[in-house]
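A.B. asks: Sequences listed follow chains D and F, in order. Counting in the numbering used here, the first sequence runs from 5 upward without gaps. Counting in the numbering used here, the second sequence runs from 5 upward without gaps.
Heads up, a few of these hints could be off.
Copies of the same chain are indistinguishable here, so a pair counts whether it falls within one copy or spans any two.
Stated by the list, open to error - Pairs of lysine to any residue, SDA-like flavour, derived with a Cα cap of 25 Å:
hint, residue 1, residue 2
1, Lys186, His141
2, Lys118, Phe103
3, Lys27, Val86
4, Lys301, Thr142
5, Lys324, Pro48
6, Lys26, Arg295
7, Lys285, Gly205
8, Lys285, Glu91
9, Lys167, Ala92
10, Lys273, Glu237
11, Lys324, Thr56
Calculated from the structure, these hints are not laboratory results.
There are 2 protein chains.
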Amino acid sequence: MKVLIIGGGGVIGQKLGAALGKKGHLRGREISQIALADIVDPKPVPAGCPVTTHAIDIAHRASVDQVVSADYDVIYLLAAIVSGQAEAEFETGMNINFFGTYNVLERVRTLGNKPVVVFSSSIAVYGGEVPDPIIDHTFLNPQTSYGMQKAVGELLINDYSRKGFLDGRAFRLPTISVRPGKANAAASSFMSSIIREPLNGVEAVCPVTEDFPHYYLSPRKCVENLIKGAEIEAQDLGMNRAMMMPGRMWTIRQVIDAMDVVAGPDPAKLIRWESDAVIQKIVNGWRYDMRPEKSLKLGLTADDSFEDNVRYYMQDELGKS
Amino acid sequence: MKVLIIGGGGVIGQKLGAALGKKGHLRGREISQIALADIVDPKPVPAGCPVTTHAIDIAHRASVDQVVSADYDVIYLLAAIVSGQAEAEFETGMNINFFGTYNVLERVRTLGNKPVVVFSSSIAVYGGEVPDPIIDHTFLNPQTSYGMQKAVGELLINDYSRKGFLDGRAFRLPTISVRPGKANAAASSFMSSIIREPLNGVEAVCPVTEDFPHYYLSPRKCVENLIKGAEIEAQDLGMNRAMMMPGRMWTIRQVIDAMDVVAGPDPAKLIRWESDAVIQKIVNGWRYDMRPEKSLKLGLTADDSFEDNVRYYMQDELGKS
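Isolated chain D, as found in the complex (with noise of 0.2 Å):
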């Protein structure tokens, strides 16, 4: 069993990675080898088998050829550009998430061997005028580029399934948080920055209101949900390979008075008030009122409480128990 992680240098990619390699083994078989691949060569990650990493560019069907091959068992496709991004640059979007995706699975039909191939979606595929709550039967209407790329790659996942070229299933993710790292051009990214920076003593800005409402998943239960994604028997998905992925709804107050529970009432005071115009109206055009039925009967999960969110951040990323 051979798994190449394709955006293997990313937050998610690189957790994946280690996950994987810590458990050994995946769909009921010993994993032999892991790749990750990212547009640049992605950091190694500690695992009990061989772990390659390797340079590609998705936008150009040549780099794909190079290192996607058939010895892959399970293909995981989380290289995206971020939706902030895939706003302002109205092509460079194009190029990875459209036509990088269809490049990535074109590629595997040629090759003909059929792998499991897990796509990571997005709730910003949801949007418009399309009536709350949002259930497993609702009409994908993205606002954004980016949430449009996404809905294309969920096409494409669903007929290269239908059609035997592969075993697909796509998962929409919810707003990862508490992600680790450095702020990013995702319209989301406040949505960690403002636990992540007061955590580490560092001011950070929130651009809405305390009132605006969400849909989260810890970093932690993203990767669990991932592995389990790829577990799933092809005929227990039917016939949609696309879902959401478990979160929870909380406003900006919530995920900020789950941060003085666990961490105590001090790095809530590093938070400055700014509003932000642009990305208020971006993520004002997101949706939080989800029941991801489907996947949840499954067996995806979503973390307990935005507290969850948080120790996990700090026992992950922080070290602390």
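Put chain F on the given structure of chain D with help from the hints.
C.D. replies: Here is chain F on its own, set in the frame of chain D:
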């Protein structure tokens, strides 16, 4: 006001061109040119304004660039590989329906003149385990590559419109019947030929059982709706530019009974019943219980009865009143 019809050599393209030529105006302005473009240089249509014809291969951007210019105020994008062929020849379907749509929209984006673009989608975007009835906010879950490619076209039309690159609208066409001309590679081809061939004294094969229900629209109403579709004001479309085009649900039995009423009992005797597992499998995945609330509200209409469909065919194609 100049109008370009891509797919202008097809049944609907030719009728649309002729209807616009007769009408003489669109969106409150006089039509000064009708351009018909198709993979083979189309036949001109009668019109009170100049009519030009062009060969175009939308799978190739260079060909698109030669035909699509900033002169056009309204562009109809009707060209497509039909369902049966797109299912049998995956790459052909992708080249025309997926990349062809992208190539046209990209050309329009780079020209920057923001025309109205009317895209013909299909009810083949629906399918799978999604519950009936199909409403405006029903999840798109195509079970054919053709349906997937049309759903992608809708997503592009929506995002290019949201970004202000063009003023798009997409209509999910019901099965068009009674379609004149020859049978084609569409899995739905028999839904016209079982009426058309008998009315012309020719034998026809019905590959499904008589209780098979489907959702139909006459070519005449389809063209009326495509013209109305171009005239809708952008602000009335809301945050989703794609919608069902109204049609009506009939069983094969009802369709044949309508022919009996209009043309007497003899034509139906020319129908041979011969089940076809491949066609039955494709069409069984299609949906028919549609509630096109949004398009009806915007003034689009369906036929009053299938007897009208038969009468329109006899009037428009056989010259009978």
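A.B. asks: Hint by hint, note whether the structure agrees.
C.D. replies: Comparing the hints with the structure gives:
In this homomeric assembly, Lys186 and His141 never come within 25 Å of each other (Cα to Cα): the closest approach is 35 Å inside a single copy and 38 Å across copies. Taking the closest pair of Cα atoms, Lys118 and Phe103 come within 25 Å of each other both inside a single copy (20 Å) and across two copies (24 Å). Within a single copy, Lys27 and Val86 get their C-alpha atoms no closer than 29 Å, and across copies no closer than 47 Å, so neither meets the 25 Å cut-off. Taking the shortest Cα distances, Lys301 and Thr142 sit within 25 Å of each other both inside one copy (17 Å) and across copies (21 Å).
Proximity of Lys324 and Pro48 under a CA criterion of 25 Å is satisfied intra-copy only: 24 Å inside one chain copy versus 76 Å between copies. Taking the shortest Cα distances, Lys26 and Arg295 never come within 25 Å of each other, neither inside one copy (32 Å) nor across copies (52 Å). With identical chains, the CA atoms of Lys285 and Gly205 are never at most 25 Å apart, being 29 Å at best within one copy and 62 Å at best between copies. In the homo-oligomer, the alpha carbons of Lys285 and Glu91 lie at most 25 Å apart inside one protomer (12 Å), although the nearest pairing across protomers, at 40 Å, exceeds that limit.
In this assembly of identical chains, Lys167 and Ala92 lie within 25 Å of each other by CA distance solely across copies; the values are 10 Å between and 35 Å within a copy. Within a single copy, Lys273 and Glu237 get their C-alpha atoms no closer than 47 Å, and across copies no closer than 49 Å, so neither meets the 25 Å cut-off. With identical chains, the CA atoms of Lys324 and Thr56 are never at most 25 Å apart, being 30 Å at best within one copy and 73 Å at best between copies.
The structure does not agree with the numbered hints 1, 3, 6, 7, 10 and 11 stated previously, though it agrees with the rest.
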